[in-house]
Amino acid sequence: MGLFTEKLKEMGASVLPITFFVILLHFTLTPIPADDFWRFIIGAVLIIVGLGIFLVGVDLGATPIGELSGEALVKTNKITVLLLGGLLLGFIISIAEPDLHVLSVQVEQFTADIVGRWQMVLVVSIGVGVMVMVGFWRLVKGIRLRTVLWITYGLIFLLALFNSPEFHAFSFDASGSTTGAITTPFLLALAAGIAGLYEGEAEDARDRYGMVGLASAGAILAMLVQGALDSPGSYQQIDIAENIAPAYFLEPFTSSLSGVLVDSLLSIAPLALVFIVIHLGILRLKRQSVSRIMIGLFYCYFGLSLFMVGVNGGFMRVGRFIGAQLVLEHSPFLAVLAGFFLGMLTVIAEPAVHVLTDSVQKSTGGTVPRNLTLMSLAIGVAFSIVLAIIRIYVEDLMLWHILLPAYILIMILTYFTPDLFIGVAFDAGGVASGPMTATFILAFAQGAAGAHPAANILIDGFGVVALVAMSPLITIQGMGLIYKHRQRKEQQVAASEDPE
Amino acid sequence: MTTISDIAFANQAMLLLIVPHGRAEAIALFALEEGAGSATVFSGHGTVPKPILRMLGLDEVRRELILITLSKQEAASELLHKIRDTGHFSEKNIGIAFIQPLLDITENKDNPAAGNREIETTETNYRALITIVENGEGHAVVDIARENGAAGATIISAMGSADHSTHIFDFDINPRKDLVLLISNKEKADSLQEALLAAFRTSTPGRGIIFSLYVSETLGIMGHENAEQLLSRARAVAAPSPHTALFVMVNRPKTKDIIQACEAAGNMGASIMHGRGIRHTGKAGSFFRESFDVERNMVLMVIKKEQEEEILQILRALDKSDPAYALSVSASYALNFSKFSAAE
Numbered sequence: 000m001g002l003f004t005e006k007l008k009e010m011g012a013s014v015l016p017i018t019f020f021v022i023l024l025h026f027t028l029t030p031i032p033a034d035d036f037w038r039f040i041i042g043a044v045l046i047i048v049g050l051g052i053f054l055v056g057v058d059l060g061a062t063p064i065g066e067l068s069g070e071a072l073v074k075t076n077k078i079t080v081l082l083l084g085g086l087l088l089g090f091i092i093s094i095a096e097p098d099l100h101v102l103s104v105q106v107e108q109f110t111a112d113i114v115g116r117w118q119m120v121l122v123v124s125i126g127v128g129v130m131v132m133v134g135f136w137r138l139v140k141g142i143r144l145r146t147v148l149w150i151t152y153g154l155i156f157l158l159a160l161f162n163s164p165e166f167h168a169f170s171f172d173a174s175g176s177t178t179g180a181i182t183t184p185f186l187l188a189l190a191a192g193i194a195g196l197y198e199g200e201a202e203d204a205r206d207r208y209g210m211v212g213l214a215s216a217g218a219i220l221a222m223l224v225q226g227a228l229d230s231p232g233s234y235q236q237i238d239i240a241e242n243i244a245p246a247y248f249l250e251p252f253t254s255s256l257s258g259v260l261v262d263s264l265l266s267i268a269p270l271a272l273v274f275i276v277i278h279l280g281i282l283r284l285k286r287q288s289v290s291r292i293m294i295g296l297f298y299c300y301f302g303l304s305l306f307m308v309g310v311n312g313g314f315m316r317v318g319r320f321i322g323a324q325l326v327l328e329h330s331p332f333l334a335v336l337a338g339f340f341l342g343m344l345t346v347i348a349e350p351a352v353h354v355l356t357d358s359v360q361k362s363t364g365g366t367v368p369r370n371l372t373l374m375s376l377a378i379g380v381a382f383s384i385v386l387a388i389i390r391i392y393v394e395d396l397m398l399w400h401i402l403l404p405a406y407i408l409i410m411i412l413t414y415f416t417p418d419l420f421i422g423v424a425f426d427a428g429g430v431a432s433g434p435m436t437a438t439f440i441l442a443f444a445q446g447a448a449g450a451h452p453a454a455n456i457l458i459d460g461f462g463v464v465a466l467v468a469m470s471p472l473i474t475i476q477g478m479g480l481i482y483k484h485r486q487r488k489e490q491q492v493a494a495s496e497d498p499e
Numbered sequence: 000m001t002t003i004s005d006i007a008f009a010n011q012a013m014l015l016l017i018v019p020h021g022r023a024e025a026i027a028l029f030a031l032e033e034g035a036g037s038a039t040v041f042s043g044h045g046t047v048p049k050p051i052l053r054m055l056g057l058d059e060v061r062r063e064l065i066l067i068t069l070s071k072q073e074a075a076s077e078l079l080h081k082i083r084d085t086g087h088f089s090e091k092n093i094g095i096a097f098i099q100p101l102l103d104i105t106e107n108k109d110n111p112a113a114g115n116r117e118i119e120t121t122e123t124n125y126r127a128l129i130t131i132v133e134n135g136e137g138h139a140v141v142d143i144a145r146e147n148g149a150a151g152a153t154i155i156s157a158m159g160s161a162d163h164s165t166h167i168f169d170f171d172i173n174p175r176k177d178l179v180l181l182i183s184n185k186e187k188a189d190s191l192q193e194a195l196l197a198a199f200r201t202s203t204p205g206r207g208i209i210f211s212l213y214v215s216e217t218l219g220i221m222g223h224e225n226a227e228q229l230l231s232r233a234r235a236v237a238a239p240s241p242h243t244a245l246f247v248m249v250n251r252p253k254t255k256d257i258i259q260a261c262e263a264a265g266n267m268g269a270s271i272m273h274g275r276g277i278r279h280t281g282k283a284g285s286f287f288r289e290s291f292d293v294e295r296n297m298v299l300m301v302i303k304k305e306q307e308e309e310i311l312q313i314l315r316a317l318d319k320s321d322p323a324y325a326l327s328v329s330a331s332y333a334l335n336f337s338k339f340s341a342a343e
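Chain order of the listed sequences is A and B. Residue 25 in numbering that gives the first Met the number 0 sits at position 26 of the first sequence, and the numbers go up by one each step. Residue 61 in numbering that gives the first Met the number 0 sits at position 62 of the second sequence, and the numbers go up by one each step.
For reference, chain A alone in the conformation it holds in the complex (with noise of 0.2 Å):
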């Protein structure tokens, strides 16, 4: 059990601080009506339950079928395989994955059927496939991560002059919703199964990340690619789901139970199948670890359900009734100071980003440790509600006024940053825009939006999950700064310790 109790401690200690400020809030600036209240208390357990059993799940299940098939893939020793094997498992993960057709299904309907849903969650896939197909050419070409970073951005900068305001934030939020719960967990141990591999190589951990990072981008250049070629001129009015008020207590977590379920299942399917695909076709497993790996996929599953549950029955409600009454009751300065907040600790309760944080603890030999990569990723994602809710105050802030400076910051960084912190900035920026995130935080700004009486509820709930995809790689690449400096002038220190 130690295992399990050790993750649940964690979890515990990661989604309690939200759990608190909303209590914090509840008794201060927003008093939540007493039935929300509870459905959150007990949200907020399922979550911390479901993050447990869902992150052993990945430990056991999602890790080892990523090492494997990265692996696998590689000692084939064939590019031609390994390009394909690529752009096929981007694909497929790609294709999966429930947020996506969430967003799809919006856009569908805002811009009256001319991008219809399967044709937007295809283009994403493909471009994601295409992303994952250079980060395999790129590792095994050992080609830095920076070059491909500049030439992809540069390219999306390109393309961007020609979409409207609307196809960046549908891209742009495109990136965030690809990169899902069990998506980012698996690309990193593909990545993580190729640079182990050759890691004798380089000797250090610069090489394991950056693939979450390449797929958003492939999400983001797809999006552009779409609408360049095919853009609708004008966009229709969509209903944006209202707290309507429940038949029974329990109805916000049973009305949900079925499409989680099925949601859950969508996204293991495509991890099962490749598991099924590289152990009967090139691996053979023993017995044991299979079904070790298949306990792990149940706990995902398991875990995963849970964790939607909690977060769309109690914290969804609650994020919309509090951004709402922040804006209708507060000044804008305590409810950007709240947003402040809120984006800070929802993001530590994310799923992928405890795996990643971990990931990299693990592989620098702890002396990045866990808690230094998740407090830069907390403050990014801190300053992103910040100025998704500016956004609402400020009629003419346009998305693109904040992305245009803010990525060519980015990209200037990237230049003086050591490897290692670039690829897992972009990677952090792919992590943090989970489904916390795509529920809670954006239910909190369209609460916000809607109280707003300027607001654009569509054109400023777009653009939030562009905003928490964009931060992180401004902080992470800061502490990676940092830190470069600190061990600068503490190898100095050691140094001059040195008689020699």
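Keep in mind that the hints were calculated from the coordinates and are not lab data. Note that the coordinates shown come from a computational prediction; the quantities given were computed from them, not determined experimentally. One thing to keep in mind: the hints can contain errors.
[Said to hold, decoys possible] Pairs of lysine-lysine, DSBU-like flavour, derived with a Cα cap of 30 Å:
#1 K488(A) to K81(B)
#2 K255(B) to K361(A)
#3 K187(B) to K303(B)
#4 K71(B) to K81(B)
[Unchecked claim] Taking CB as the label site, the calculated pair distances span:
#5 A194(B) to N370(A): 39 to 47 Å
#6 G34(B) to G153(A): 53 to 61 Å
#7 N370(A) to E32(B): 21 to 29 Å
#8 N370(A) to R83(B): 26 to 34 Å
#9 H166(B) to I281(A): 52 to 60 Å
#10 K185(B) to I481(A): 28 to 36 Å
#11 H80(B) to M410(A): 55 to 63 Å
The beta carbon of each residue, even a glycine, is placed where N, CA and C say it ideally should be.
Given chain A, work out where chain B should sit, using these hints.
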């Protein structure tokens, strides 16, 4: 303050502790305060022998391995007791610790080959058995060990040194390995080794190795020795072995150099483990403290006695040429060394 290079080749004892995850840092810092030469922390995992947990896939527990080098065996013994007395290590079943006597490899300038190699040790009933197998087979090793009477074991992820015969996409591939460390009764150690050899014997070269080490003092092995009994034990000269185990600690970016240099001297293979060398910065408790430990690798090689002096010369030369290696080398008898490859 002694620097790493001062004591690089002068350690006389190595203290190994296996503790629950998260406790290593404090113990390592304590050891450094008490005058240990170096402390390196690796993460690993153990298993709980409960069938239900096994079935549920929940039988793993995270552990940390701390490797502390000291200039004297007596100092190691003293430190072990201090660690126990200060409460870092007091509870039952919280972990195990043992002292491993080292060979004297200090350079003798007049006659390099004439170093005093004999080690005196208090003989215990225990051996530390180290098994290196393919990645994923660690669990099977632990299972077989349990069937043969071992109490438990710790698995640490490692990398094999590159197999130069196969290049994939122009790279040397480093196979992933599991290193299993277990403590066993002296009497059982041989049969255990036989059982493991039988289970993993194969014709594929580079499959893995198995050997054991002398243990001069133990703490925390359930229901067995305690320290008081050990102190009264007579010291004896350990019987020499034709193989030597070299534990080379090196800054992570320099690992490849070490392995290449040793390969040039005829060493056939090595295992690499990632860890962090704890540095005592005097700023304990600060948030950044932990992160300014250095990434260190342990390169573990088992070499023939004849190769020993040549490889040690090479390592000494490297150490003097560039302090960035931050080398620390310990040598010990590798008892009953064998490879799993049947060809050997």
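Here's how the hints hold up against the structure:
Pair hint K488(A) plus K81(B) does not hold up; C-alpha atoms about 33 Å apart against a cutoff of 30 Å. For the hint pairing K255(B) with K361(A), the CA-to-CA distance comes to about 20 Å; that is within 30 Å, so the pair holds. Annotation: proposed proximity of K187(B) to K303(B) holds, straight-line Cα distance about 25 Å (limit 30 Å). This hinted pair checks out: K71(B) and K81(B) have alpha carbons roughly 15 Å apart, not beyond 30 Å.
A194(B) and N370(A) have their C-beta atoms about 43 Å apart, which keeps the hinted 39 to 47 Å range intact. At about 56 Å, the CB distance of G34(B) to G153(A) agrees with the hint of 53 to 61 Å. Remark: the range hint 21 to 29 Å for N370(A) to E32(B) is upheld by a beta-carbon distance near 24 Å. Checked against the hint of 26 to 34 Å, the C-beta distance between N370(A) and R83(B) comes to roughly 29 Å, which is consistent with it.
Our hint of 52 to 60 Å for H166(B) and I281(A) is violated, since their Cβ atoms are close to 20 Å apart. At about 51 Å, the CB distance of K185(B) to I481(A) disagrees with the hint of 28 to 36 Å. Roughly 57 Å separates the CB atoms of H80(B) and M410(A), a value that falls within the hinted 55 to 63 Å.
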